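Chains A and B are the protein sequences, given in the same order. One rule links them: number in our numbering = place in the first sequence (from 1) + 393. One rule links them: number in our numbering = place in the second sequence (from 1) + 393.
Keep in mind that the hints were calculated from the coordinates and are not lab data. Take the hints with a grain of salt, since some may be wrong.
Copies of one chain are not kept apart here, so a pair can be met inside one copy or by any two copies together.
[Said to hold, decoys possible] In the DSBU-like style, the derived pairs of lysine-lysine whose C-alpha atoms are separated by at most 30 Å in a straight line are: (1) Lys498 / Lys460; (2) Lys619 / Lys520; (3) Lys611 / Lys523; (4) Lys523 / Lys618.
What you are looking at is a predicted structure, and each value in this text was computed from that prediction instead of being measured.
For reference, the chains in residue letters:
There are 2 protein chains.
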Amino acid sequence: MTSVQSEKLEKLHAIDRECIHLEQIASLLHWDQETYLPEMGAEDRSDQLALMEGIYHERFTSPEIGKLLAELGSTSDNPRGDEKLPDIERDFLRVVRKEYDKAVKLPNEFVIAMAKAEGLSQAAWVKARKENDFPSFLPHLVKMIDFAKQGAVYWGYTGNPYDGLLDIYEPGMDSAAIDAVFIPLRERLSVLLKDISSKPAPDVSFLSRGYDTSVQAKFNEELMKKLGFDTRRGRLDVSAHPFTIELGSEDVRITTRYFSDLLFSAIFSTIHECGHAFYEMSIPKELRGTSIGCGASMGVHESQSRFWENVLGRSLPFWETFFPLIKKHFPKELADVSVEKFYQAANEAKPSLIRVEADEVSYCLHIILRFELEKKLFSGELDPADLPGVWRQRMKEIIGVEPETDSDGVLQDTHWSGGMFGYFPSYALGNLYGLQFYEKIKSDIPNFSAGADKDNFAQLHAWLNDNIYVWGRRLEPPELLKKVTGQKLGSDAFLNYIETKYRGIYRL
Amino acid sequence: MTSVQSEKLEKLHAIDRECIHLEQIASLLHWDQETYLPEMGAEDRSDQLALMEGIYHERFTSPEIGKLLAELGSTSDNPRGDEKLPDIERDFLRVVRKEYDKAVKLPNEFVIAMAKAEGLSQAAWVKARKENDFPSFLPHLVKMIDFAKQGAVYWGYTGNPYDGLLDIYEPGMDSAAIDAVFIPLRERLSVLLKDISSKPAPDVSFLSRGYDTSVQAKFNEELMKKLGFDTRRGRLDVSAHPFTIELGSEDVRITTRYFSDLLFSAIFSTIHECGHAFYEMSIPKELRGTSIGCGASMGVHESQSRFWENVLGRSLPFWETFFPLIKKHFPKELADVSVEKFYQAANEAKPSLIRVEADEVSYCLHIILRFELEKKLFSGELDPADLPGVWRQRMKEIIGVEPETDSDGVLQDTHWSGGMFGYFPSYALGNLYGLQFYEKIKSDIPNFSAGADKDNFAQLHAWLNDNIYVWGRRLEPPELLKKVTGQKLGSDAFLNYIETKYRGIYRL
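Chain A extracted, bound-state conformation (with noise of 0.2 Å):
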């Protein structure tokens, strides 16, 4: 590297520090938006983040970068730039390059209207939520539809807009190949369902016996503490939808939600968003505040947060050695149930309405429905305003169970209102992602136990730092995947383990 070159890329990072910054700014006003904002603050809120927006990509956009870009010999055709560059930098350059190429082609004007209409639409669809009322929902949703279609258009995809929307939270990935996942998945885990409805379903009725939602709060901070999270580096809150927020380097927060009749729901939740903290706060130390420095992709990512959900969180040995904690907790509740009773009930398969709150089998299913139902939206197939409707039959015909509310049905995520459009499907490939990965963990760390090791799951921590978070945003998805698992994507590795483990636990 030339110490020409060494000044630009120096230059490249300034600016792309700036912009992370900058992001970060505009995700405390999220985080706050869905933790603490006051009900009157919406509107004032959706105007700064639409500033921020505009600020940001006018920041992203600026020739600088462009130019910076060419003379370190990164094109669209050869986005890794100069040969002779460091591959980190290299890794660097093609990032920037792909962000910088889609963010030129949408107006700056049409950024700002957009966050402005995202936050006014995400205040809608919390009152639409709590009042059941889709129909002023409706017209905020269509606005967000021709947001994302228009910026596919800007984008220059010119069949169904839906793949340009994949393509953001799963690089690579378009409709065709999802598709070819999905299939056996959905037919695999159909049949699979159908056994599990055939045997009687275990007792969970001890989960609604009134749990101090305060008390739930403190086992859920202890319980994340022991999982790893530092809290000198993040935090746990509040909000209607759980979800993680990089704030800074040494600041990535977690949310969750209680309810006093619904145990699991905020313990599932808080350790699925420790899995996706735990990958955003051990980026490497030279990744941290670039363009390189967070997960590979949404995919990825949930690949994390599943996995300490699902594989670990629904696991007997976890139970095993967490069951005391939040048995001291909850002694009187609790009295009568066994670990082996609370492991079956942390595993009730079943047609349920709720994607976040479904089991690990139907889950899926759940991520077929609104794959399938995007698809259409966006090849114009379904209006809008037929959504409702169409919710209902296909959430009968696919999972069995029809809501009876819209709150419980087509409003009861926020990804719609934000204008995530081809983010469900990234859900269920982070199963397929995690599954494979776990293969090759179970290889490498003989007799790994899903229970904690006396240092806070250090032995795990370790794996996933050398072979997954150690790249940050280095390798795509199927680069990373073949990297650690030697293998491409399928859904055997998920299957397998879903299907041994039920038969396990429902005796098939």
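Following the hints, put chain B in place on chain A, whose structure we already have.
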């Protein structure tokens, strides 16, 4: 007003609105820093704040503002611009012109560097205060003083740069003018404090009986609502040092702090911050989100907060109304306490160490101490390294007590770590304005009572609205005082009030 003028005004308002939003975004970063930021997030936060300051400064000093101001006839000598413009717009121009003139004199790099240093200085102060370690904070303090001095130089102050700083918080005020009011204040308060010292102190032992802080929090939430705080438009949180901050036209937040053995600490902080919040929350709609949509000055702001805290909050009628409420929360702890005893404890006057916990009589003496030190720090007569010693010595001489630790001495307040030199005098000026306003309130509202009327102080809120809030920042403090009371600034109203009140309590 011509259509060309109207168009120019619209453009100026659009930029102004954007600047206000940028300020609000920076305020959220600050609020979060003081309330919820994880320990290790401080460094990134400091970078984020510096970045926002830079962006704000860049926007607010854009030549377009200067051009629009000039086109509307606003110059440094005639800031209110063309006489044909509506009064409200002329007041707007005056404020924007004054701020613009000040802002363009500060180089952008200077503003960024100062903001970054401020973030680190705040973090260092929090740590130093916790660990009673002034030397670790000293280099930050020196830096903040240098930045403030340099700022005054940029603004063209050739004498003591301190006068330039005073003008930020209290327009038109300089150290000579403050001396003129502080001298009689100090003389009469010293006599009063001495007289009080000859009398037996009220029994305050019940205040440290151990009041569960989560119950305190519930009481404070209830109390603020009863004073008229609309929680749809704001919220109450906890921070090391209580403050009020505006994060949006409909989002004004206050903080307090809880000590189980200091029952009054949180209560009077909450009432104090409510006074600030009511002012910000009640700015007329047509001024909100503009440069004249805020309080007139720091001093006038303090006139509101200290009026609610002391004149109302430490009065007998107030507690005749609210004592049953607090007794409901602490029935055991307050079982043997009468409202009279509670009232007298709330007004114990005695030499003490901590400004924010000081009684009404000695409070101004705390301010006079800081004012003296600030003057000398900026004239060069006092070396910052000597501050802890000089602080102890002057505390002894002025107030009669000496702190054992710097945490209870020179490190107790956040102002200096935040670079807010020249702010302190506003607190005492607030006392003076507040009592001048109160004389008018009593003459305008017959039989005014500091106990809550049935509709949450509606009469008082209406008066404050019509006389103070309605002006926003349209008038400078002396104009506002004249308009409301017909008088100039003086110390008699305050001194007469406090002498009467304390002669009653202590039977002098």
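Tested hints:
no. : hint            : in the structure
1   : Lys498 / Lys460 : within (16 Å within a copy, 32 Å between copies)
2   : Lys619 / Lys520 : between (36 Å within a copy, 27 Å between copies)
3   : Lys611 / Lys523 : both (27 Å within a copy, 26 Å between copies)
4   : Lys523 / Lys618 : between (32 Å within a copy, 24 Å between copies)
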